[in-house]
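*Asks:* Single-letter residue listing:
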Amino acid sequence: MSNGSVERRIRRRSVHRSRSTAVSVSLGVLALVAAWIGTESVLHAVGAAPLLADPQTVVDAALRPDAAFVTVAEVVAGALVVLGVVLVVLALAPGRRHRSVVEHERGAVVIDTRILASTAANAAGLAAGVPEGNTSAAARGRRTEVRVVPVTGVPVDQETVRAAVRDRLAALDERFGKRVTVRVEEKGTLA
Amino acid sequence: MTKSNRTLNRVILLVLGLVAVVAGLVIGAGVLPAVRDALAGYVTLPDRVEVPAESLWIVAAACAVVVVLALVWIVTRGRGGTSVAVRERSGDDAVTVNVALVRDVLDHELRGVHDVVGSRVDTYLVRRQRAARVRVAVRRGGDAVTVLEAVDRALAVLDRTLGRPVPVLVHLTGGTRSALSRATRVH
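Going down the list, the sequences are from chains A and B.
Residues 1 to 191, numbered by full-length UniProt numbering, are exactly what the first sequence covers, in order.
Residues 1 to 187, numbered by full-length UniProt numbering, are exactly what the second sequence covers, in order.
Looking at chain A on its own, in the form it has when it is part of the complex:
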C-alpha cells in the first residue's frame, strides 16, 4: 500500500522517539569532562598550578582514594553506573511513541493512541445512544477497551456497541477492529 521510500521513512521516524536530546546532553557532559582533563594535562605539562587537581592526583583518587575522598569516589562511581545503565537502555530500547501506523493509500498516516481511543468512544456513544461523556475508551497496541455508562431506563446492547466500535476502527485499519472489549456499567446515569 504505502507509498514510496520517503513516506515509509518519515512514518517510521515519527513512530519512534529520537535520541537526539539524550545524545546531545551526554555529549555535552563528555565535552566538559574532556575539556577539564585536557586543561589539567596542559597545565601540568607546562608546570602551571592545577585548576582542581593534577592528573596524577586524579588517577590516584580514582583507583585508591585516601580517606578524604572515599565518599566522593563512592558517589561518583554510583552515579556513573546508574547513568551508564540509563544510556544503554536508551540505546537498546525500541523507543516507540504512543502512535499507531495506519495503512492508507494517500500519504503516510500515524494516529495518536489517544485519538484512536477517542474514535472508539465516539462510535460507542453513537451506537449506545448515550451522551458523549458517558463513554470512555483506552487503546493499547491493537487492543481497545470501551466503557459505557448507560442512561437509566435505556438498555444498552453490548454486542451492538462492540460491532459499531469494530466497524469504526476497521474503517481506519482492519487490524484495530479485531480486539475490542466493551464493558457496560451496571449503574446508569440520569440523562
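Worth flagging that the hints you see were computed from the coordinates, not collected in a lab.
We treat Cβ as the ideally placed atom computed from N, Cα and C, and that holds for glycine.
One should not assume that every hint holds.
[Claimed, not checked] Looking from chain A toward chain B, a few residues come up when the C-beta cut is under 8 Å (computed):
id, residue
1, Gly4
2, Leu30
3, Ala34
4, Val70
5, Ala73
[Unchecked claim] If you only want the chain A side, here are some residues facing chain B, beta carbon under 7 Å, derived:
id, residue
6, Gln56
7, Thr57
8, Ala91
Dock chain B against chain A, hints included.
*Replies:* Same frame as chain A, but now just chain B:
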C-alpha cells in the same frame, strides 16, 4: 523528520553508556570491597598508575579532538527543515512554492470540518526529496475516521494545486488546543 542519523545516535549512547559503567565499576572497585571482590575473578585492577609526563600532551590532544567532535555533533543535529515545499526547475529557471501556500490550502480545506481543531504544516528535505508533515489536532472525543476523510479531500485539493503529489506524513494528534476545546453536545 530531521536528518539526524538515528542508528549513530543509538551507537553513541551505547558506547557512552558502556564507558560510564566501566568507569563507575573501576572507581567503585577502589572504594567498595564488595565491588572489588565481584570483579576479582575477571580483571585485576592496578592499585596505582603513574602518569608519565610525555603522555600529557597526547591526552590533551585526544581531549581536544573529543571536545570538537562532540560540539560538532551537537551543533549539526536536527537539520533538514525547509520552507520550500516544491521546487520545479526548467533550464536556468526554477519555480519554488513556499510552505505557507501548503499551509493555507490545508487550513482552508480543513476549516469547518467538525472534529478538527487546527492543523500545522512543515516541510523537510528527506533523501533529497521534499516532504510535508501535516499535524492535525483532533477535538477531544472526536472521530478519526471523518477527520482522515477530510484530510484526504484536502490533500487531493493540494495535489491539484501543486500539480503533483508531494510525499506527506499525516499525524492525527491531540495536543493542548484540543484538550481545551469543548466537547460537542449535539451530533
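*Asks:* Does each hint fit the structure? Answer for all of them.
*Replies:* Verification of the supplied hints:
Because the closest C-beta pair between glycine 4 of chain A and chain B is about 6 Å apart, less than 8 Å, the hint holds. Contact between leucine 30 of chain A and chain B, as hinted, is supported at the beta carbon level, the nearest pair being about 5 Å apart and thus within 8 Å. Given hint, alanine 34 of chain A at the interface with chain B, holds; its Cβ is 4 Å from that chain's nearest Cβ, closer than 8 Å. At its closest, the beta carbon of valine 70 of chain A sits 5 Å from a beta carbon of chain B; the interface hint therefore holds under the 8 Å criterion.
The interface hint given for alanine 73 of chain A is met, as the beta carbon of that residue sits about 5 Å from the closest beta carbon of chain B, less than 8 Å. Annotation: glutamine 56 of chain A was flagged as interfacial toward chain B, and the flag holds, the nearest CB pair being 5 Å apart, inside 7 Å. Among the interface hints, the one on threonine 57 of chain A is violated; its C-beta lies about 9 Å from the nearest C-beta in chain B, farther than the 7 Å criterion. At about 4 Å, the closest approach between the beta carbon of alanine 91 of chain A and any beta carbon in chain B falls short of 7 Å, and the interface hint on this residue holds.
Figure legend: structure checked against the earlier numbered hints; the only hint not met is number 7.
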